[in-house]
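K.L.:
Residues per chain are reported as follows:
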Amino acid sequence: MISERLKKIILLELKLDNFDLEDTTQAYQVPGWDSLNHVSILSKIEKAYGVRFKSVEVLRLKNLGDLQDLVNKKIEGHNRG
Amino acid sequence: MLLVASYIFYAAWDWRFLSILFIIATVDYFCGLKIYESGDERIRNFFLILSITVNLCFLGFFKYFDFFSTNLAAFLGHFSLKIHPLILKIALPLGISFYTFRSMSYTIDVYTGKMKPTRNYLDYALFVAFFPVLLAGPITKASDFLPQIISSRKLNLNSFYEGCYLMFWGLFQKVFIADNLTKIADPLFNSPPPYNGVMILLAIYAFAFQIYCDFAGYSNIARGLSKCMGFDIVVNFNLPYFSTNPKEFWRRWHISLSTWLHDYLFSPIAFSKRGWGKWGVIFALMVTFILCGFWHGAAWTFIIWGAYQGILLATQVLLEPRFKKMPLQKNIFVKKIWFFIKVVFFFHLVCFGWLLFRAQSLTQAYRMTEALICNFKFTNGSEIKFISISLIFYTCILIIIQIFQFLKNDHLFILKTKPALRAAFYVVCFCLLTIFGVSGGKEFIYFQF
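Line by line, the protein sequences give chains V and A. The opening residue of the first sequence carries number 1 in my numbering; numbering runs sequentially from there. The opening residue of the second sequence carries number 1001 in my numbering; numbering runs sequentially from there.
Errors might be hidden in some of the hints.
As the list claims (entries may be wrong) - With a cut-off of at most 25 angstroms between alpha-carbon atoms, the simulated PhoX-like pairs for lysine-lysine come out as follows:
{"#": "1", "chain 1": "V", "residue 1": "K7", "chain 2": "V", "residue 2": "K54"}
{"#": "2", "chain 1": "V", "residue 1": "K74", "chain 2": "V", "residue 2": "K47"}
{"#": "3", "chain 1": "A", "residue 1": "K1385", "chain 2": "V", "residue 2": "K44"}
{"#": "4", "chain 1": "V", "residue 1": "K44", "chain 2": "A", "residue 2": "K1324"}
{"#": "5", "chain 1": "V", "residue 1": "K74", "chain 2": "A", "residue 2": "K1273"}
Said to hold, decoys possible - A short list of chain V residues far from chain A (calculated; beta carbon distances all over 12 angstroms):
{"#": "6", "residue": "E4"}
{"#": "7", "residue": "K7"}
{"#": "8", "residue": "L12"}
{"#": "9", "residue": "K15"}
{"#": "10", "residue": "E22"}
{"#": "11", "residue": "D23"}
{"#": "12", "residue": "D34"}
{"#": "13", "residue": "S35"}
{"#": "14", "residue": "N37"}
{"#": "15", "residue": "V39"}
{"#": "16", "residue": "V56"}
{"#": "17", "residue": "G65"}
{"#": "18", "residue": "Q68"}
{"#": "19", "residue": "K74"}
{"#": "20", "residue": "N79"}
These are calculated hints, taken from the structure and not from any lab test. We put the beta carbon where it would ideally sit given N, CA and C, even for glycine.
So that you can see chain A by itself, here it is in the shape it has in the complex (with noise of 0.2 angstroms):
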């Protein structure tokens, strides 16, 4: 039945696509159970790249045909060998990215020998396809989500209790603030030069914001529609702006992309050079995080981004036994203070991430660099006075309630607080949806990943 609905709601948008979804669940699946069966190293590793291959080659087709045929012909045109690129102009099938991935996860385990393979093939198809993650995530793991489709599930109240809340947190910040923010963001990133410091900045400050409740938004939804019918599926973002350094924001951020990464990719890579060292780490996580940033899509900005989260990560890596060295501050006031400093800190190194991630080239992104560093003025104050108040007006809420759940160290805080409290939290997020909410917003940012 979910089965059904799944193919349903993904042919909803293209049915042709569906034979894609077909195809990988089908070739994973055989994949799988030939991978266990075999005794013989040698089946085995065909099996598993056999698996890899068949996904990377449609995520590859899709996704990154005309961005390699477009480099190459311009490449080549710098050695006066002019050919036309071949342009196919194939629309992206809706969260390629993401069941390639979920479906990957399934025969790595299987190979690695962290899960047994599944018999029955209608469970294996749900898995792929199922409905509220297969758009945009979270990329649940073969070995912790599939058990859950081949059980029973358990229905009951609290669950379907707190599956409603967090669809309805993940529609606020979706509908409220997200498609509100984008708003402020999208003119300011889709203007031409001459730039103004302040204004760029303010622009990168609602693209944070927005971003994360597009993305967080969307994974609350999911969360919370797989808990209304018994699945329990992963955090997807657990508050990432309250990190203090790079390996803290990628734990908090993307989580069920970054254990993926993690598992699949810089584990390997760096235990194959871990001869090298600190350098082996450090090469790893160079490797992994471009990747990262050629996943999210297929331009050179993303790649750019995800060099700059590996030089962070690296930087961290290289310069971490020194910290450790310094002593540890006992006032609890001073303790308080350096955290807020380190959170703000850290929070403009990730914005600065964020101007390559949105910027709609390397040149604009270099252009609005130059007028954060060179032309920061408050020349057009009544502009910067109102999109000042609007960021605070749409982003108030949210952080209010997130300094509440990392003090409490619980998302789900709201549903313990006093009745009241609870109904006041409740109206003032429906009035400030129904009145100021994007009604015909934009789609899901990540649903072009």
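The following block holds chain V by itself, in its conformation from the complex (with noise of 0.2 angstroms):
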């Protein structure tokens, strides 16, 4: 599931008020989320979370409960490094 966190750090890059995020949502489902901005939503989960993605992880990500998957394994794994 999507966290509130995760959800609002998008939301407020696309400059989005509201809209719904499933596990499920792809990047072209959402309103204003294209390649060209892609990079920049990416940039700032990694900020806000403190952690670094790599290009291979990326190029992985399906849908938006791929993504939160990537940011809990680098949540896990920075704590216990």
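Assembly of the complex is requested from the two constituent chains, each provided in isolation within its own frame, with the hints serving as guidance.
P.N.:
Now the structure itself:
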């Protein structure tokens, strides 16, 4: 499930007041989320959580559920490390 | 069976180049398996790089060797080092740009975990050589198309009808529109200066519709043929001349190539440069589109065309936040007029790109641009009138059909109209094809890419 924090970061970056973001939601389904601002959204998430994604990890993402899993995995790794 | 048919199809042009298809399919098939089976990141990286290197070496050798050789000799000539460029003049294997990109998408998708590799070599060989898309795409991505080859196909009458319609419409676009417009555009682009601005503008309009109908026509035939055999391949053109901005244009024009470039080139570059903020995106756009131009052909005109497309997109990235602040127009009539103005304005920006793309040299592109600005005169009236009428005659059906496709948001709306209207459409198109269609016309433009 998408955390409120992640939702907030995405909606703020896209300047959307409200939009239903689900695990299965794909970037193209979210208004204003296109390939050109994709990078800035991911950068904002990295900054907010203090993590760093690898290019190959980003290429693997299919939907928001995958993005949430990646963030969780990174936070776990960060806490363990 | 389809694999044998595809190999015979390719061999009919030149059987020796079958070896390239075979080597690429074999190397990428094994690389895919090795990448998937190995848990060691270094081994996975090695096989990914091996796959990309093999594909790019074939592409580079056959398509770009002479270009690099000539330009290197010219460059060294500036430093008084006179060497004769080594020109191999090898025939370019048809469709090499398409099947190398298609095959690379497989190993990259396996590497990133988007798909599992196939263990059936014949399935993979068919994915690389599938004859409807072999020579000029669409560049079907492995994760979309390979599962269709592996699973059993579902044939039904509706798909067959849709396939037949797409083939008919594709043939009409190629034989009636594109090949007739070639007869207008070619003499003007092949003529020496001085140029007349009005004639150049008409030549560019003719080429804009020629290249669109030539390539979209081929894509429709490829899609239609695939549909008749139970395959569903991506839509390659989605009414591109209705775009109002560069982003939208690249979501509508040659969709399979722009998706490939976006997924495998733009995204990794932009992400690796995310520290640069907006400029990282602009850098990635410029690199991607210069290479996109170079993919189209080994000539400076293509590179400049790619750079021009990159600049258009970069401008949009920089200006978009300002446009978003502008108040939205609420009056529907004004909205429609504004949309029309934007479509016409952006069409002319695209047309300037086609001038760079079609010109035989940068000097010619410069001379023609100069004529457009400084010599825009209606001097040879009768010739201008004849070319204008021809242009309207060859494009009017396309424009009418596309307006309906756009308004109904349905490419296949013809199939859903009343039988009498549908019959009239087929009869008119068939008559125009048989009376005015160019027999023995030029080969598809994109075959050379």
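K.L.:
Next step is simple, just say for each hint if it's right about the structure.
P.N.:
These are the hints, each one checked on the structure:
no. : hint               : verdict
1   : V:K7 with V:K54    : 21 angstroms, holds
2   : V:K74 with V:K47   : 12 angstroms, holds
3   : A:K1385 with V:K44 : 57 angstroms, violated
4   : V:K44 with A:K1324 : 21 angstroms, holds
5   : V:K74 with A:K1273 : 20 angstroms, holds
6   : E4                 : 24 angstroms, holds
7   : K7                 : 21 angstroms, holds
8   : L12                : 15 angstroms, holds
9   : K15                : 8 angstroms, violated
10  : E22                : 21 angstroms, holds
11  : D23                : 18 angstroms, holds
12  : D34                : 7 angstroms, violated
13  : S35                : 5 angstroms, violated
14  : N37                : 8 angstroms, violated
15  : V39                : 5 angstroms, violated
16  : V56                : 6 angstroms, violated
17  : G65                : 15 angstroms, holds
18  : Q68                : 17 angstroms, holds
19  : K74                : 15 angstroms, holds
20  : N79                : 23 angstroms, holds
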